[in-house]
Amino acid sequence: MTTTYDDLLFEISKPGRIGYSLPESSIEKTDLTNLVSDHLIREEPAELPELSELQVMRHYTGLSNKNFGIETGFYPLGSCTMKYNPKINEDIARYPGFAQIHPLQPEKTAQGALEMMYRLEENLKEVTGMDAISLQPAAGAQGEWAGLLIFKAYHQANGEGDKRRKILVPDSAHGTNPASAIVAGYDVVEIKSNKEGRVGVEALKAAVGPDTAGLMLTNPNTLGLFEVDIVEIAQIVHEAGGLLYYDGANANAILGKSTPGEMGFDVVHLNLHKTFSTPHGGGGPGSGPIGVKDYLKDFMPAPRIKKEEDEYSLSYTHPQSIGRVKGYYGNFGVNVRAYSYIRSMGAEGLLQVSEDAVLHANYLKARLEPYYETPYKDHCKHEFVLSGIRQKKLGVRTLDIAKRLLDYGFYAPTVYFPLIVEECLMIEPTETEAKEQLDAFADALIDIAKDAEENPDTVTGAPYTKAVKRLDEVTAARKPIVVYQKN
Amino acid sequence: MTDKAKLFFTKEHEWVELVNDDYVRIGISDYAVEQLGDIVFVELPELKAELSAEDEFATVESVKSTSEIYAPVAGSVAKVNSALEDEPEKLNEAPFGEGWLIEIQASEAVDVSGLMDSSAYEEYVSSL
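So the sequences go chain by chain: Y and E.
The first sequence begins at 17 in my numbering and counts up by one.
The second sequence begins at 63 in my numbering and counts up by one.
It should be emphasised that the hints constitute simulated quantities derived from the structure, not laboratory data.
Quick caveat, the model's predicted, so the values are computed rather than measured.
Be careful, since some hints might not be right.
Said to hold, decoys possible - Dumping the calculated PhoX-like pairs for lysine-lysine here, alpha-carbon to alpha-carbon at most 25 Å:
| id | chain 1 | residue 1 | chain 2 | residue 2 |
| --- | --- | --- | --- | --- |
| 1 | Y | Lys273 | Y | Lys393 |
| 2 | Y | Lys482 | Y | Lys82 |
| 3 | E | Lys110 | Y | Lys211 |
| 4 | E | Lys152 | Y | Lys495 |
| 5 | Y | Lys408 | E | Lys141 |
| 6 | E | Lys73 | Y | Lys409 |
| 7 | Y | Lys208 | E | Lys152 |
| 8 | E | Lys110 | E | Lys141 |
| 9 | Y | Lys179 | Y | Lys208 |
| 10 | Y | Lys485 | Y | Lys451 |
| 11 | Y | Lys208 | E | Lys126 |
| 12 | Y | Lys342 | Y | Lys141 |
| 13 | Y | Lys408 | E | Lys110 |
| 14 | Y | Lys482 | E | Lys126 |
What the hints assert, rightly or not - Partner residues aside, some chain E positions facing chain Y, computed with beta carbon under 8 Å:
| id | residue |
| --- | --- |
| 15 | Glu105 |
| 16 | Leu106 |
| 17 | Leu109 |
| 18 | Lys126 |
| 19 | Ser127 |
| 20 | Pro150 |
Said to hold, decoys possible - Sample of chain E residues with no beta-carbon within 12 Å of chain Y, all distances over it, derived:
| id | residue |
| --- | --- |
| 21 | Asn82 |
| 22 | Gly99 |
| 23 | Ser129 |
| 24 | Ala140 |
| 25 | Val142 |
| 26 | Asp148 |
| 27 | Ala156 |
| 28 | Ser169 |
| 29 | Val174 |
| 30 | Gly176 |
| 31 | Leu177 |
| 32 | Ser181 |
| 33 | Ala182 |
Cβ atoms here follow ideal geometry from the backbone N, Cα and C, with glycine treated the same way.
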């Protein structure tokens, strides 16, 4: 019988099979009990899988072939900016001066690495319109949390820490916004979007007050719409004594066009793994640097990069700092990739990134508009939302449409988010796709819309071409098995 | 199963059953359940918790999203439907019956004048 490598390593295992035979050691053997105290030694040997090297290779290669990534196909996952990450970033990150250094080696011997961090901070200042950057946060949500701790430190320094307890969050926000606010010890107040899908100025005025610590906003927002009233919004929050937080998840739409600084934001984070083309999701750790305006500099996480003449160092003495938010200095290797991207694109290139990302999204939206409900008619930025309500009336839900797309070789868009759009599909094509690819995706969605009318069973039965079909998500969520159980 | 016609509703899709003048049973409507999809987890308040009107008192998690449930009336939590902890699917199967969430003892007669009756709620839902 042929072994299929869908089996777990534990299931393929055969007692006594080994991958390597080591030669007899010339060093004298010592009994383990001489080195470790008895209570730390397990009574029965650990049940490790026993396989040959080839079996292990086939197992993992099999798994990797099942993987879907941006290099496999189109990945229009709204709000996640699944752009292609140019390979030059990987080359640069593998330079020995970046790849083979240790975070604890003397600063004098890591000047190049420190200079890279300093320059990346300078570049990100320009992109965000902020006065100081910290590269420490490991991802967007950690950036949010660190940024809110800075809000807190600021209000405390002004003697208003106890009074300002509330963070305002629009109902279209990423779920991480309210979650970060709660983790930072704040209460969350939800602001309802207006009919155009934006923060209503009147609703905001009614919500701000002496208890407002600040507002968290994504701009463009999760509907792909630019908050056109942003200057007035900033004014309302500032006049109430609050601060503004910019969620940079959608920064891919504004590069070189506008900055959160100009818009009136006080603290921002960027997702380098979205906008600045570093590996994403399963492909690598994230990076969520934060930026602040001058008056918040002293609260930034320490250590900070310091440049004196031509010498770079890490400075630890910042008594008002919120402290360290991550071990060492952030996800360094990821930050190298982002720096490589910024330098290889240049200012002109980054401007074109945003222009093309917006163009691609509007092109797809225009092609799909006759077939799907578009709840917001304005031109979009880098992403847009469709609603599957027409199809739902025919018995085809957005989930079915998403599953059917898999058969066409596409990753499904974000679905059922933002929560304010019924049967939502949220599509972000990014700038790195060719027109043919965008057309192929539009054609597929148009086919599916036609099938929803003529052959709904084709859509509701999908996917047909994948190794696994519909998974029982409900039972998995209601009765999860979180630990491997050996039969 | 509770008779839907005798219930009162909020715009946020909670229902209220007047068991006594000052004692109510609370749940969420069939429309809310339909919107949420398959419910996988329900978090309920502690017994005797004091609620003000519009306080968040429960969280309902479905495969699609997580929703907060708000108290339509003020009072003390007298009973919680703890069966939902192990069988959240009851909320999908019978939102007006076995899927009820909590019962509240109010300190005075409950005023339902701010809530919709069943036919007003039907009309409200069809306008959404």
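*Which numbered conditions among the earlier hints are violated in the structure presented, ordered from lowest to highest?*
Failing hints, ascending: 3, 5, 7, 10, 13, 15, 16, 17, 22, 23 and 26.
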